[in-house]
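Participant: Take these sequences, add in the hints, and give me the full structure.
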Amino acid sequence: MSTKLLSMRDAIARYVFDGASVAIEGFTAFICFAAGHEIIRQRKRDLTLIRMTPDVIYDQMVAAGVARKLVFSYLGNPGVGSLHCIRRAIEQGIPRPLEIEEYSHFGMIGRYVAGAARLPFYPLHSYTGSDLPKVNPHIRFVQSPYGEEKVAVVPPLNPDVTIVHAQRADIAGNTQLWGLLGVQKEAAFAARQVIVVVEEIVDEAAIRSDPNRTLIPGLIVNAVVHEPFGAHPSYVQGYYDRDNPFYLKWDEISRDGQRVSDWLDEWVYGVADRAEYARKLGAATLQRLKPGEAWSQPVNYGAYR
Amino acid sequence: MSTKLLSMRDAIARYVFDGASVAIEGFTAFICFAAGHEIIRQRKRDLTLIRMTPDVIYDQMVAAGVARKLVFSYLGNPGVGSLHCIRRAIEQGIPRPLEIEEYSHFGMIGRYVAGAARLPFYPLHSYTGSDLPKVNPHIRFVQSPYGEEKVAVVPPLNPDVTIVHAQRADIAGNTQLWGLLGVQKEAAFAARQVIVVVEEIVDEAAIRSDPNRTLIPGLIVNAVVHEPFGAHPSYVQGYYDRDNPFYLKWDEISRDGQRVSDWLDEWVYGVADRAEYARKLGAATLQRLKPGEAWSQPVNYGAYR
Amino acid sequence: MNAQATSFTASEMMIVTAARALAGAHTVFVGVGLPNIACNLARRTVVPDLELIYEAGAYGASPARLPLSIGDPALVSGSIAVMSQADLFSFYLQGGRVEVGFLGGAQIDRYGNLNTTVISDYTTPSVRLPGSGGACEIAIHAQRLLYIMRLSKRAFVERLDFTTSPGYLSGGDARRRLNMPGGGPHRVITDKALFDFETPTREMRLASLYPGVSVEEVLAHIGWPIARAETLQVNEPPTDEELRCIREELDPLGLYRL
Amino acid sequence: MNAQATSFTASEMMIVTAARALAGAHTVFVGVGLPNIACNLARRTVVPDLELIYEAGAYGASPARLPLSIGDPALVSGSIAVMSQADLFSFYLQGGRVEVGFLGGAQIDRYGNLNTTVISDYTTPSVRLPGSGGACEIAIHAQRLLYIMRLSKRAFVERLDFTTSPGYLSGGDARRRLNMPGGGPHRVITDKALFDFETPTREMRLASLYPGVSVEEVLAHIGWPIARAETLQVNEPPTDEELRCIREELDPLGLYRL
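Protein chains in written order, with my numbering: chain A, 1 to 305; chain B, 1 to 305; chain C, 1 to 258; chain D, 1 to 258.
Keep in mind that a hint or two might mislead.
In silico DSBU-like pairs for lysine-lysine, Cα to Cα no more than 30 angstroms straight-line [claimed, not checked]:
| no. | chain 1 | residue 1 | chain 2 | residue 2 |
| --- | --- | --- | --- | --- |
| 1 | B | K150 | A | K150 |
| 2 | A | K249 | A | K290 |
| 3 | A | K134 | C | K153 |
| 4 | B | K134 | D | K153 |
It is worth saying that the hints were derived from the structure and are not from the lab.
Facilitator: Below, the structure is given as structure tokens:
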């Protein structure tokens with residue numbers, strides 16, 4: 001088994017090019033801030049950023065000027081309020097105008113599914129009576145060939161790069177995650193290139209002990225990055241908690257462009273990599289975010305010889 | 001939590017009515033022979049039998065005269081050869097003519113998905129250049145609204161009853177399975193009524209210790225049947241092996257209508273229930289089918305308080 | 001219900017009213033904030049068997065703490081099932097398995113149509129709101145919809161700036177004509193009164209008042225001449241037990257006391 | 001390859017030829033029977049990194065025994081990933097992730113179209129065959145197709161009784177005109193000779209003979225006047241190591257020796 005291990009720096013340098021469409025997925029959980037920060041540090045430009053919920057990571061990336069366009073379905077700081085940097089970009093063109101392409105959650109999910117399954121469209125019951133199709137010409141309707149019924153469709157989405165965070169993978173990129181699965185699998189299969197970022201690198205034997213837990217096979221993975229705490233202030237089920245105080249604090253910081261700049265200087269440009277970021281966060285914070293234990297009951301797959 | 005536990009006899013009597021469409025799913029694995037045999041014993045009639053791979057269980061049910069129609073995608077004794085009883089019904093109308101409605105595997109999967117998702121159709125890239133659409137008018141083609149591309153579609157499938165075998169459930173029907181997942185989830189969500197048959201009834205706490213393993217929620221389950229060895233001669237991952245010698249033996253038995261009758265008399269009509277069937281199989285057979293142990297490595301979901 | 005003894009806030013009255021509206025329900029699609037507290041209160045009072053479904057992909061969640069977001073890890077550990085969002089939206093929501101959906105938004109009109117997208121124009125908005133998320137699908141598929149919104153003339157408007165999620169559209173049987181499977185808006189729970197849509201035109205209607213609130217106080221916050229039920233009931237105030245649950249168990253920090 | 005010293009059967013020559021045809025491949029969609037042995041032989045000889053995909057839903061299987069069926073439990077335990085068949089067909093096969101597909105059938109025509117459905121008429125068949133299973137989709141989506149079939153005039157026919165799975169259809173660029181993503185038939189591996197489709201018309205062509213087989217012997221079993229490559233090679237016989245693998249490890253009971 002040949003290794004796909006790369007540093008985050010090398011993975012981003014190799015696979016995220018200026019003008020690329022990039023999906024960093026993860027629904028509240030598993031959001032790879034480490035990858036987003038490295039993209040900012042490498043001053044990538046003109047990216048199309050794709051995410052169901054842009055969240056604080058895309059707020060930071062938009063503020064840093066890496067994005068030309070945003071494809072999304074929910075533009076909020078979850079449980080807190082607005083994403084002020086993205087709002088400034090949309091409402092005032094600061095730091096630069098931001099093109100948007102907007103769906104509902106199910107529409108975004110469907111786009112990834114169609115992209116992963118090489119389908120020309122994904123049908124869903126949505127958008128009837130909504131103004132969304134009026135502002136997004138990609139949302140269309142088709143007639144069922146079995147009756148009068150019409151159904152909405154969305155086109156496939158194939159990001160140039162999808163970045164997925166998870167608990168563990170082997171060096172070939174066979175990746176297991178548990179907790180909120182979100183659209184991690186679909187976004188990975190839909191992508192032209194896949195970077196997997198994990199808390200732990202494990203032996204192939206660990207993967208093979210529970211094959212139903214493998215959502216993303218090494219087959220579709222280009223790079224594996226070992227990056228503990230790579231999702232902070234988002235979280236990784238069983239590894240660390242969501243840093244809710246940070247999400248609340250970002251609501252304040254992000255209202256002021258200067259404070260955002262200062263924050264980026266200190267926490268992104270000012271650190272070399274995620275390891276330095278984690279040291280800077282400090283042991284007390286990491287300790288505060290450490291959950292108790294709640295182990296799955298193991299299951300017997302049986303040895304068949 | 002109110003219990004949904006029923007005996008197999010009561011579950012079949014309550015939910016499988018004459019003329020019903022019934023899906024007993026499971027791809028090679030998890031095939032609920034116990035349910036099929038109880039349907040034969042209760043002399044249900046005019047059923048539409050639905051399965052991707054009718055397998056030996058539907059061969060037996062067709063021979064016993066319960067079926068009017070078969071909806072399927074692969075008509076073989078897996079790894080062995082023909083399903084001779086079903087062939088006699090199709091080729092010679094014995095014991096009665098059998099209507100067929102035929103798809104490919106992906107077409108059947110898509111029909112369940114559309115049924116489960118309340119979609120008017122499921123699109124797939126298949127059937128181009130094949131004669132299948134000529135003999136099955138339900139297979140149609142639609143034009144993509146995003147270009148010239150045409151894509152095949154199949155209509156939703158909503159069985160009156162789906163019967164799913166699995167390793168374990170709690171008394172509310174929250175069901176976990178591992179191994180070959182087949183279309184168990186999709187067939188259950190597509191059904192009007194769901195009977196879950198399991199090797200073990202477990203505490204709700206076992207289910208909650210690993211929620212990603214729960215494929216079928218009690219929400220959609222009408223009855224839970226506790227039926228150890230209920231899938232024999234098919235198998236249940238980690239519990240018992242496939243009885244390959246029986247599949248080979250059925251190839252001989254099934255070539256001769258009289259031998260099939262004798263077999264049904266002895267092993268279906270001649271036993272009261274699956275417990276008696278298992279006793280009749282005997283300890284040596286059950287021991288022969290017992291696999292060694294191969295446990296999944298447990299994962300930590302974390303305690304968040 | 002036992003007698004009301006304690007004073008309570010408008011938010012507490014909203015939470016209690018929302019929880020009571022869940023009586024008899026089996027499954028609810030939970031939003032964050034007030035709906036989240038209301039659903040958990042309902043489980044402790046009127047519907048112990050209520051199963052909570054979160055759009056993040058958790059079914060039968062049993063959170064040990066009140067989650068800040070609908071993707072909180074506490075919704076995962078110990079829940080009955082956690083699945084991909086493709087499965088959640090396809091098989092649970094679109095599959096018709098969700099009974100009650102909770103929604104809220106920046107603007108609502110008389111037919112229960114909802115705006116969570118923009119204030120003013122879409123391409124040059126004065127305020128860019130979060131957008132649909134799953135709201136558009138919840139509005140279409142849930143068997144019945146409960147809205148939770150504070151009364152204000154900016155929110156209860158004659159005409160939406162943008163329709164994100166459909167209520168009864170232009171009223172009457174417009175939903176049915178468009179083959180929408182869900183039942184549409186059922187109640188609007190506000191900080192002053194409760195509204196329903198129990199008329200053939202499916203126009204929002206003042207159904208009952210909270211204790212101490214006058215009809216005029218309500219009408220002053222609604223941007224159109226709203227209909228009212230023939231006899232206006234007054235909602236029961238929170239019981240001691242409901243208030244104890246909220247204050248001691250569900251929101252000990254008082255984040256939603258206001 | 002080391003020198004051939006031992007005698008071998010036609011089946012063994014088929015298995016070896018199929019295994020060698022996998023050289024350079026990364027993923028193969030495995031059918032049961034001969035393809036299964038061939039794929040496992042390839043992993044032990046020409047392509048150690050070959051990943052086996054089974055339509056039952058297993059990826060990266062590493063079976064400890066030779067499975068009778070493609071849904072054997074030995075394909076699950078210790079494999080890399082096991083998924084729903086919806087995911088397998090959507091994301092792996094239709095998603096274009098499968099490089100080589102193996103197929104066989106009752107009838108094949110000059111363009112590699114395949115019949116696994118009926119002999120004679122569909123509604124009143126003289127023989128009802130298994131049908132498509134996943135074959136129709138494998139034929140459309142695999143980047144290249146390998147067929148394994150024994151030569152016989154009943155099998156290699158001028159005209160199929162039923163087209164289950166498309167090869168090159170009417171030949172030439174017919175596949176491309178129908179937007180079929182997969183590359184189509186690549187080789188036909190028989191018990192006497194190897195065939196390819198390396199011509200503009202995409203007609204099947206005799207490419208090489210097995211040791212000791214004459215051209216006439218081959219032509220006698222084909223129901224149309226088949227083309228042949230300009231120079232006919234003779235395939236290398238099985239090596240000792242290949243035979244040892246088959247006989248000692250993969251098929252110790254000799255089920256596929258015939």
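Participant: Indicate, hint by hint, whether the structure satisfies it.
Facilitator: Here's how the hints hold up against the structure:
Of the supplied pair hints, the one linking B:K150 and A:K150 holds, its CA atoms being roughly 17 angstroms apart against a limit of 30 angstroms. Distance check on the hinted pair: A:K249 and A:K290 sit about 20 angstroms apart at the alpha-carbon level, within 30 angstroms; holds. In summary, the hint linking A:K134 to C:K153 is supported, as the alpha carbons are separated by about 26 angstroms, within the 30 angstroms threshold. Of the pairs offered as hints, the one joining B:K134 and D:K153 holds, with about 26 angstroms between alpha carbons and a cut-off of 30 angstroms not exceeded.
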